Amino acid sequence: MDAEQKLADKMGVNYKINQCLIDGFNINYLVAGEGEPLLLIHGANIGWGMWYLNIPELSKKYKVIAIDLPGAGASDSLDFKNIDLQKTFVQLVENFLYFLGVDNIRVIGHSFGGWVAMKLAIASSINIKKIVLSDSLGFSRSIPVSQWPATFGVLTRFISKTFFKVTRENMDRFLSSAFYDKKSVLELFSQYYFESLLCSATRHPLLFFNRLSTFLRMRKELDLKSSLGLIKQPVMVVWGSEDKNVIYKNSKDFFKLIPNHKVEIIKETGHVPSLEKSNLFNSLVLNFFQD
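Under our numbering, the first residue of the sequence shown carries the number 96, and numbering increases by one thereafter.
These aren't lab readings, by the way, just hints derived from the structure by calculation.
Don't take each hint at face value.
Straight-line distance between alpha carbons at most 16 Å, and here's what the computed EDC-like set of lysine to aspartate or glutamate pairs gives [what the hints assert, rightly or not]:
#: 1; residue 1: K182; residue 2: D118
#: 2; residue 1: K158; residue 2: E129
#: 3; residue 1: K225; residue 2: D198
#: 4; residue 1: K224; residue 2: D386
#: 5; residue 1: K277; residue 2: E363
#: 6; residue 1: K278; residue 2: D267
#: 7; residue 1: K278; residue 2: E363
#: 8; residue 1: K277; residue 2: E337
#: 9; residue 1: K260; residue 2: E290
#: 10; residue 1: K105; residue 2: D179
#: 11; residue 1: K176; residue 2: D198
#: 12; residue 1: K158; residue 2: D198
#: 13; residue 1: K362; residue 2: E337
#: 14; residue 1: K155; residue 2: E131
#: 15; residue 1: K315; residue 2: D179
#: 16; residue 1: K156; residue 2: E129
#: 17; residue 1: K320; residue 2: D348
#: 18; residue 1: K339; residue 2: E363
#: 19; residue 1: K155; residue 2: E129
#: 20; residue 1: K101; residue 2: E290
#: 21; residue 1: K101; residue 2: E282
#: 22; residue 1: K277; residue 2: E290
#: 23; residue 1: K347; residue 2: E337
#: 24; residue 1: K158; residue 2: E131
#: 25; residue 1: K224; residue 2: E131
#: 26; residue 1: K351; residue 2: D318
#: 27; residue 1: K224; residue 2: D198
#: 28; residue 1: K225; residue 2: E131
#: 29; residue 1: K344; residue 2: E359
#: 30; residue 1: K277; residue 2: D267
#: 31; residue 1: K225; residue 2: E337
#: 32; residue 1: K357; residue 2: D386
#: 33; residue 1: K362; residue 2: D276
The calculated label-pair distances, taken between Cβ atoms and stated as ranges, are [what the hints assert, rightly or not]:
#: 34; residue 1: D118; residue 2: L325; range: 23 to 29 Å
#: 35; residue 1: R268; residue 2: G248; range: 20 to 26 Å
#: 36; residue 1: N121; residue 2: E363; range: 35 to 41 Å
#: 37; residue 1: Q181; residue 2: C115; range: 26 to 32 Å
#: 38; residue 1: T309; residue 2: F194; range: 28 to 34 Å
#: 39; residue 1: Q385; residue 2: V358; range: 16 to 22 Å
#: 40; residue 1: E282; residue 2: R314; range: 33 to 39 Å
For clarity, every value in this text was computed on a predicted model and none was experimentally measured.
Cβ atoms here follow ideal geometry from the backbone N, Cα and C, with glycine treated the same way.
Generate the whole structure from the sequences, applying the supplied hints.
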C-alpha cells in the first residue's frame, strides 16, 4: 500500500508500522510517540489511516497504537459470512494488546470501533482508564432509511458488483457521504482507503455494513443498552451533529446508561469528527484524558 506510506509520512512524526499474527490473522498496526498507551480503533473497514490527522497531536503525550482490524487497511482480509463479531474483533483486539504487553490504556473508538471499545470495557480483563466514543455503534439498532437496501444480502452483493463497484470515483462518493463538508475528504486519504479495498472483493464497504445488519436493523449483538451500566470507566461521547450514518437522535437517550459519561456535540460535522474537525477533536480528547 504505497498510499499508506505516504499517509504515514504526511503526519510528520516518528512512527513504525508493524505486523503481528493474532488469532490466525496478520494484523497491521502503527505506533507513534511515547508515554502511556492509547489505542485507536477505526470504524468499519477504513483502517488506521482515518486517524492520520489526530496521531501527530496525540503522540506528543501518549504512545499511540493504531490498529487495522481484520478486513481493513493492510491487515488480512476476511469473509464476513457468519462472522462472530465478539471473537473476530473484540477478542482479537484483547489478544493483540496481550501480545504487545500493554495495559492501563486509554481507548478511542469510532463507529464500529466504538462498539469494540465498549465491549472491551464490559467484558475484557484489560485495564482501561478512559474511553472516547466517536459516533459509535452500540446505542441503537436503528438504521437510516437510506441504508436499508444494504441490509439485504442478495441486493447488496448485486449492487457491489454492478452499480457500485470498487472504483476510485465510487469510493470517493462513499467517503464524502459521511462528511458534512465534502472538502474535508482529502486526496491522500481517499487514495489510502481505495487501495485498501482493492486487496479483496470482500472489502466492499456495503458488504461490511451488510454483515453488521439484519432486516432493516443492526444485528442484535451490536445493541449494548443492557450492558452499558457495566462500563465503569469515564467515557466521553463525541458526535457530529450532521451524522447521517449513525444518527445522534437515535442514540442520545441511551448515553445516560453509562454511569460516568460526558457528551460533546460538534456542529456542522458528519460521521467522522476526527477527520472533519480534527483540531477540535484533538483538543477535546486531550483535555478529557488529562482531567
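Mind checking the hinted window 26 to 32 Å against the Cβ distance between Q181 and C115? This hint is violated: roughly 21 Å between Cβ atoms.
Is the hinted pair K278 and D267 satisfied, with a Cα-Cα distance of at most 16 Å? holds (11 Å)
Using the beta carbons of R268 and G248, state whether their distance is inside 20 to 26 Å or not. Holds, since R268 and G248 (Cβ atoms, about 22 Å apart) stay within the stated range.
Just to be careful, I want the Cα atoms of K224 and E131 compared with a cutoff of 16 Å; is the pair within it? holds (10 Å)
Does E363 sit within 16 Å of K339, going by the straight-line distance between their CA atoms? holds (12 Å)
Would you check the hint for K362 and E337, treating anything up to 16 Å between C-alpha atoms as holding? Distance ~7 Å between K362 and E337 Cα, so the pair holds.
Below or equal to 16 Å on CA atoms is what counts here, so check K105 against D179. violated (35 Å)
Given pair status - E129, K158, alpha carbons within 16 Å: The hint holds at about 4 Å.
For the pair supplied as a hint, K277 and E363, is the alpha-carbon distance within the 16 Å limit? It holds: about 11 Å lies between the C-alpha atoms, which stays within 16 Å.
Within 16 Å, alpha carbon to alpha carbon, are K101 and E290? holds (12 Å)
Can the suggested window of 35 to 41 Å be confirmed for the beta-carbon pair N121 and E363? Check passed, 39 Å falls within 35 to 41 Å.
Given hint D276 paired with K362 - CA-CA distance at most 16 Å: Holds, because 11 Å separates the two Cα atoms, which is no more than 16 Å.
Hint compliance for this structure: hints 10, 11, 22, 31 and 37 are not met, and every other hint is.
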